[in-house]
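Go by the hints and put chain R onto chain X.
2 protein chains.
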Amino acid sequence: MEFKAILKMLVQQCNGALGGVIMGYDGIAIDEYLTDTAGLDVQTLAIEYASVLKEIKRTVGVLRTGELEEVSIISQQCSVIVRGVSDDFFVALVLTADGNFGKGRYLLKREAPKLREALQ
Amino acid sequence: MEFKAILKMLVQQCNGALGGVIMGYDGIAIDEYLTDTAGLDVQTLAIEYASVLKEIKRTVGVLRTGELEEVSIISQQCSVIVRGVSDDFFVALVLTADGNFGKGRYLLKREAPKLREALQ
Numbered sequence: 233m234e235f236k237a238i239l240k241m242l243v244q245q246c247n248g249a250l251g252g253v254i255m256g257y258d259g260i261a262i263d264e265y266l267t268d269t270a271g272l273d274v275q276t277l278a279i280e281y282a283s284v285l286k287e288i289k290r291t292v293g294v295l296r297t298g299e300l301e302e303v304s305i306i307s308q309q310c311s312v313i314v315r316g317v318s319d320d321f322f323v324a325l326v327l328t329a330d331g332n333f334g335k336g337r338y339l340l341k342r343e344a345p346k347l348r349e350a351l352q
Numbered sequence: 233m234e235f236k237a238i239l240k241m242l243v244q245q246c247n248g249a250l251g252g253v254i255m256g257y258d259g260i261a262i263d264e265y266l267t268d269t270a271g272l273d274v275q276t277l278a279i280e281y282a283s284v285l286k287e288i289k290r291t292v293g294v295l296r297t298g299e300l301e302e303v304s305i306i307s308q309q310c311s312v313i314v315r316g317v318s319d320d321f322f323v324a325l326v327l328t329a330d331g332n333f334g335k336g337r338y339l340l341k342r343e344a345p346k347l348r349e350a351l352q
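Protein chains in written order, with our numbering: chain X, 233 to 352; chain R, 233 to 352.
The shape of chain X in the complex, shown without the other chains (with noise of 0.2 Å):
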């Protein structure tokens, strides 16, 4: 399955999802998908996340608790799901404030080995 088509099926089954995007943690996407109704701007977004990604990352390897394996981040107006892919590339779901969270953590660790296999 293509990158967009696993995306689209990440951000279709998630009550509140508003997009979802696969990045390096160099803040530059390998594709996305956003729903219409995605008023926040998902890439900008995401960009803005990497280089903090890219900081937790470090410092979990400075702690060494084992690897990365997923972020969240909830503000008032919504949440972002972070889940590692491989070493260089990350997976983000943006859901409203009121999206199915568990529902969103679920499916990325579902979806992150087909991205990975999609990756090779």
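Here are the in silico distance ranges between beta carbons for each label pair:
#, chain 1, residue 1, chain 2, residue 2, range
1, R, S283, X, G256, 19 to 29 Å
2, R, Q308, X, Q352, 14 to 24 Å
3, X, G259, R, M241, 37 to 47 Å
4, X, K286, R, K341, 27 to 37 Å
5, X, D330, R, M241, 21 to 31 Å
6, X, K236, R, P345, 37 to 47 Å
7, R, L351, X, T267, 37 to 47 Å
8, X, L351, R, Q352, 41 to 51 Å
9, X, G259, R, L351, 30 to 40 Å
10, R, G256, X, L351, 36 to 46 Å
11, R, A329, X, P345, 15 to 25 Å
Calculated from the structure, these hints are not laboratory results.
Ideal Cβ placement from N, Cα and C applies to all residues, glycine included.
Just chain R, lined up with the frame of chain X:
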């Protein structure tokens, strides 16, 4: 209730919790409660994360998606759930990889207003 009493309750009521700390975004802790089994240095971990959290807070500010409410960082060996308490302070709960993540989130959300009050 004192900070330590709230932190103790948080840790004791959440399966797999290793410790809790209330800390400034400058990395200076107000108080902490650690279990005897916490092999990790919870305070070092919180200090390392404090600078990352400051950066996340800044990013959320730039993106104008409302106030930062919660951040969670999951690595292979442990999960850290962080909740903003005030503009300057956050509370962090550190769990084992198989700890009750959902209950940790719930307890932090429930107790954050009490910590906010105790700060005043």
